[in-house]
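**Q** Below are the chains, spelled out letter by letter.
10 protein chains.
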Amino acid sequence: MPDMLTKEDVTAHIIAAKKSAGMTWEGIADSIGMSPVWTHSAAMGMNAMPMDKAEALASLLNLPNGAAEVLAESPTKVWTQSVPTDPCIYRFYEIVGVYGPTLKALIQEKFGDGIMSAIDFDMTVERVENPKGDRVEVKMSGKYLGYNSW
Amino acid sequence: MPDMLTKEDVTAHIIAAKKSAGMTWEGIADSIGMSPVWTHSAAMGMNAMPMDKAEALASLLNLPNGAAEVLAESPTKVWTQSVPTDPCIYRFYEIVGVYGPTLKALIQEKFGDGIMSAIDFDMTVERVENPKGDRVEVKMSGKYLGYNSW
Amino acid sequence: MPDMLTKEDVTAHIIAAKKSAGMTWEGIADSIGMSPVWTHSAAMGMNAMPMDKAEALASLLNLPNGAAEVLAESPTKVWTQSVPTDPCIYRFYEIVGVYGPTLKALIQEKFGDGIMSAIDFDMTVERVENPKGDRVEVKMSGKYLGYNSW
Amino acid sequence: MPDMLTKEDVTAHIIAAKKSAGMTWEGIADSIGMSPVWTHSAAMGMNAMPMDKAEALASLLNLPNGAAEVLAESPTKVWTQSVPTDPCIYRFYEIVGVYGPTLKALIQEKFGDGIMSAIDFDMTVERVENPKGDRVEVKMSGKYLGYNSW
Amino acid sequence: MPDMLTKEDVTAHIIAAKKSAGMTWEGIADSIGMSPVWTHSAAMGMNAMPMDKAEALASLLNLPNGAAEVLAESPTKVWTQSVPTDPCIYRFYEIVGVYGPTLKALIQEKFGDGIMSAIDFDMTVERVENPKGDRVEVKMSGKYLGYNSW
Amino acid sequence: MPDMLTKEDVTAHIIAAKKSAGMTWEGIADSIGMSPVWTHSAAMGMNAMPMDKAEALASLLNLPNGAAEVLAESPTKVWTQSVPTDPCIYRFYEIVGVYGPTLKALIQEKFGDGIMSAIDFDMTVERVENPKGDRVEVKMSGKYLGYNSW
Amino acid sequence: MPDMLTKEDVTAHIIAAKKSAGMTWEGIADSIGMSPVWTHSAAMGMNAMPMDKAEALASLLNLPNGAAEVLAESPTKVWTQSVPTDPCIYRFYEIVGVYGPTLKALIQEKFGDGIMSAIDFDMTVERVENPKGDRVEVKMSGKYLGYNSW
Amino acid sequence: MPDMLTKEDVTAHIIAAKKSAGMTWEGIADSIGMSPVWTHSAAMGMNAMPMDKAEALASLLNLPNGAAEVLAESPTKVWTQSVPTDPCIYRFYEIVGVYGPTLKALIQEKFGDGIMSAIDFDMTVERVENPKGDRVEVKMSGKYLGYNSW
Amino acid sequence: MPDMLTKEDVTAHIIAAKKSAGMTWEGIADSIGMSPVWTHSAAMGMNAMPMDKAEALASLLNLPNGAAEVLAESPTKVWTQSVPTDPCIYRFYEIVGVYGPTLKALIQEKFGDGIMSAIDFDMTVERVENPKGDRVEVKMSGKYLGYNSW
Amino acid sequence: MPDMLTKEDVTAHIIAAKKSAGMTWEGIADSIGMSPVWTHSAAMGMNAMPMDKAEALASLLNLPNGAAEVLAESPTKVWTQSVPTDPCIYRFYEIVGVYGPTLKALIQEKFGDGIMSAIDFDMTVERVENPKGDRVEVKMSGKYLGYNSW
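Chains as they are written, first to last, in the UniProt record's numbering: chain A, 1 to 150; chain B, 1 to 150; chain C, 1 to 150; chain D, 1 to 150; chain E, 1 to 150; chain F, 1 to 150; chain G, 1 to 150; chain H, 1 to 150; chain I, 1 to 150; chain J, 1 to 150.
Keep in mind that the hints were calculated from the coordinates and are not lab data. Heads up, the beta-carbon is just placed ideally off N, CA and C, and yes, glycines get one too. The reader is advised that the hints may include incorrect statements.
So, partial list: chain J residues that the calculated Cβ filter (under 7 Å) puts toward chain H [what the hints assert, rightly or not]: (1) Ala12; (2) His13; (3) Ala16; (4) Thr85; (5) Asp86.
Chain C is nowhere near these chain E residues, computed Cβ spacing over 10 Å in every case [claimed, not checked]: (6) Met4; (7) Ala16; (8) Ser20; (9) Glu26; (10) Asp30; (11) Ser31; (12) Asn65; (13) Pro101; (14) Ala118; (15) Glu126; (16) Glu137.
Given the sequences, and given the hints that come with them, work out the whole structure.
**A** Quick look at the structure:
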């Protein structure tokens, strides 16, 4: 088979380079002028990078030739656990299970018959100080898409 | 079998009363002094109401005798679709699939080895105006819980 | 439990009325000025009807009181067979299995990194005459949605 | 084990050659006088190529010896995700879930008791300009097959 | 809900009538001039009957009003066990598991790249005497359908 | 680990040898005096060959040392797709889903309470000419096995 | 729907009658001259009774009219838990998981390429005294069936 | 990674040695003074061997250094098919499905509320001559374990 | 069907009686001289009660005639969610997923090749005060069972 | 791909070093001043080690360079069997299935509407002597987390 760099290869190079450079995802994201959520996701092969950002990342982390092109390709988004087992990820799955019908009811009450887009979408993760224990704050924003009648 | 009011019965009464009263979830939540997300979730039988809130809801919607007690009981939270089919709910499942590892990586970068609690947790859903199309904004806040070493 | 008309009830009334009136889905759709695909789907409880169309349908088929309101509600779209068994529906599932990566590759070649919306979406089904045997022609049209970078 | 070129090998060679030649699927399809959907699908190992087309593709992309024979073999069509996770492919799965019973009802209304063939079948994907956002248009055409009575 | 005869109702009536009349499936099939396999399948709600055969069956077994119309409707073919448990049915599932690739290879060797239709299809079940123990002989015949290139 | 020839290795050798010899399964089967269905199935590692047939096949295709012994071993019959995806194989799965209860009912009507053996079993695949399109004819024959009472 | 006694009804009648008569399965089996395993299984609707045994059971337990005919019908054997949860049944499932390949290897060593029939089959359950704790002894006997070559 | 002999490696060595020595499982079991079922199962890595038996087996079959220690380790018992496909193993699964409730009922009738242990357990497989065809006889013996009340 | 009290009926009666009497599970358990874990479990139909305890419970809660006999019957232990969704139960499932191999390794280190019985088993749940937040303490005790060699 | 030490590699090194040193998990845990449960779990890659403990373990077992850093990383906790097959682990799964609702009921009775944390959690495994057979005692302790109302 021809020898081609894959998204998995590039992810492995990024992780190794990040580790040896002692950088954080936040630091990497800042360096290329993008958000940490999006930057990590693209580095994991779950989003495509615009070419200039891909080149900035390749240059920052000294990735091998061809890595920028691979980062710019549209990924096939695959996850193999339909119910995630890692506790940190499972809790978000649980929130969808418990509050899914609530999210739906309130979106429809505020907007009409439609959904929140997961494509025209962005997200942040923040640490919020709190005397009873700091809190994780996740903010999701997606364009409202109304169903068609035709 | 003895004749007892179930959580499903109470939910059906709430939906019928809400419809005939022409109320919104936001209006109901305001009336009992709680948030819309939590109020809807408790009305669906996915959260337990403190007794005073249960009584306020029962009184507001003229629910049958015993409904407040039922609303105050701890629910067994069950969902039968491990992958939800409704598009509005599925998009949130998809976000967990695509961004789950990212949420985990950033929580660990900001806090250490741990998770966001789905129990000491709250959430809001807002409509944010936007000239390119209004956006759904979902904000989740959960206490950070660090893993134990022992 | 309170006695409320459900989407399932209204669907059953529509089917019974259609049968006794000897109408077709195409005829019903024409009468309310909508397309057959959308009309059938809404009648099955898989789409919400604008109130005027719901009332037109209720009047056309002499549906019981409250049916129009129910037709106008946002449905929860549920299917229980993750792989459909009916041969006529399975063949479409098979097409998605066989050609899914092809649809993805060509959408990305023509548009960039994104998807075809299943929400801002419409569809037609036509019979096309052909000397070797008439053909079913299904035309789907959905708005292109490009992924965000942020 | 004997050393044989597999469909997976040939697909990898095609992708590498397409990338280094800077070609599109549409351009490749034109060069061999076939449609883009079918050409991509056969290149992915999901359809068998007539020998002349296989040779044309092998010659166009300078594929290794034996590739044309492999492209001409009947593939075993396998997909491992019964519910696809990639959002671009999932939306088509969702359309089958939501509109499957509608497709069935209208095919039967227009033709009788039968199905649309997924074998004697062709498909196109087009970009249609639209001031509110360009649209993806997918056209499927399959021979109607009526059930036997015997 | 309106009171309508379903396919399940008609099947139950057929079974009850067959039992009280002491008839066999072969006898019923002969009476309406069709084969036993097809007749049983249609009686179970897995095939649609042409109207004249439906009326013949309704008359033979004195089925309730409306039964013939129901027998003539296109069924939605549903089975809920993706792997059947009944030993008599499981053995056929096992044959498909063990010999599926063999059936595929020989169909392609004899016909080319295509399949045996399960729609333009008929089947018989016979008892064949054999000194070592009588044998069940199942004969399936389906039209060959070749894949399209386009 | 010790270096041993596996059933998978032998299958790969058979496929390679068949291809370079330009033989058909029917031709191979004839050469060793067995049927095409059984020969293909044993070559795929889904049936064990009597030693003389294994040696005949090894000699015909010039298989490596030890191949005959491996062909004569009892295989462990494994399939990993409980619902097959390849359309040619799926159609047989579909036939079992649609006609399984019918096969059971007619076997019991003709024989009593029992099953068709899938072990004392044989099968043929034939091409039958037909002016409306040639047909695939599959004939299965299995010994009737009656349930025990004890 | 016509009012017919089902296998489930007859099972419920048997359990109620057994309880009010204070009988054991062993006692019931003795009374009709059959083994306890087979008698319980047929009473649960998992085996068909010869007519004389069905009548003996119906008479012994004073079952309603038509029960003997129902007991004599061929059952459709269905279980809904592919992995049983009840600990007493699960342990047998576990034995099949752990020792399945061993059972296969020894059957093939002693008999050749074939299986133990689960149709021409009988089984006993005995209590065997043992100073370290009495033991359950299950004895299964099934006819050896050798695979065909053809 | 460090180079360590695994249970899979030792199993492969045993199979290769048994084959080249032309031994049977029964012969191997006799040589080490244990039963064939247990010996095969331990050789497959599904049971741990006492050290003296492990050494006897290693010496008998001339297994590589360290093999005895590996045979003596507690295995993790894993099977990946929750429903086995091999016909010889499936028949035992089928017996558990059909007769599971019967085994449970008779164990409880003879012993009380409890189960047969699958840990303090032994099993034999025998060939029993029979003029109508020899039979496989499987005898399982497990300690009765009664449920606790506390 | 005969009218019989089921385990589900008795559970419903217990829950209703407990609620109207304002009792706790701990109080009920004390009254009958058993532990809360076992008492709740038996009340839910997941354990069988010795007859005297069943009668004590029936008398304490004024259960209907026949309830004690039903409480004393061996239950069939069924759970339908192979992965539980309720967060309180899921956390225990997660502990088994994360720490299962650890529990196994330590049991084997301390005892040898064997398991902890889930039959000869008892459990307590306690509240333990803690200045950083009270803790749930669950203590499980099960008899060690060593694997047999034979 | 870059050459990096993974958690799987480190686990393999630990197991090999433990074996050649003849140590126990208890001994290793003592040496680094932590509990056996946590130490084993972290060694298996299911918990992250504080850096000083990671270095202590690396030094004790002479692990390769970089191993301590890997032991200190947050793991992604994955298990692939949603129902474990190993009997020693399955019994704990069974306990969750049988006693899950009981654990939930008693936690809620003692604490209110909430759960036991699986994150702020610790566990011990002990051998308790008993004349009827020694017992495994597992003690779990997790912080109570109460649900939020907001």
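**Q** Each hint needs a verdict: does it hold in this structure or not?
**A** Right, here's what the structure says about each hint:
1. Ala12: Holds, about 5 Å.
2. His13: holds (6 Å)
3. Ala16: This hint holds: Ala16/J lies near chain H, its Cβ roughly 4 Å from the closest one there, short of 7 Å.
4. Thr85: Result: holds, 5 Å to nearest chain H Cβ.
5. Asp86: holds (5 Å)
6. Met4: Incorrect as stated: the minimum Cβ-Cβ distance to chain C is 5 Å, not above 10 Å.
7. Ala16: Non-interface label stands for Ala16/E: nearest chain C Cβ at 24 Å, farther than 10 Å.
8. Ser20: Non-interface label on Ser20/E holds, nearest chain C Cβ at 29 Å vs cutoff 10 Å.
9. Glu26: Label holds. Min Cβ-Cβ 26 Å, cutoff 10 Å.
10. Asp30: holds (28 Å)
11. Ser31: holds (28 Å)
12. Asn65: holds (13 Å)
13. Pro101: Non-interface label stands for Pro101/E: nearest chain C Cβ at 18 Å, farther than 10 Å.
14. Ala118: violated (7 Å)
15. Glu126: Given a closest Cβ separation of 26 Å, the condition holds.
16. Glu137: holds (25 Å)
Against the hints set out earlier in the document, violations occur for numbers 6 and 14.
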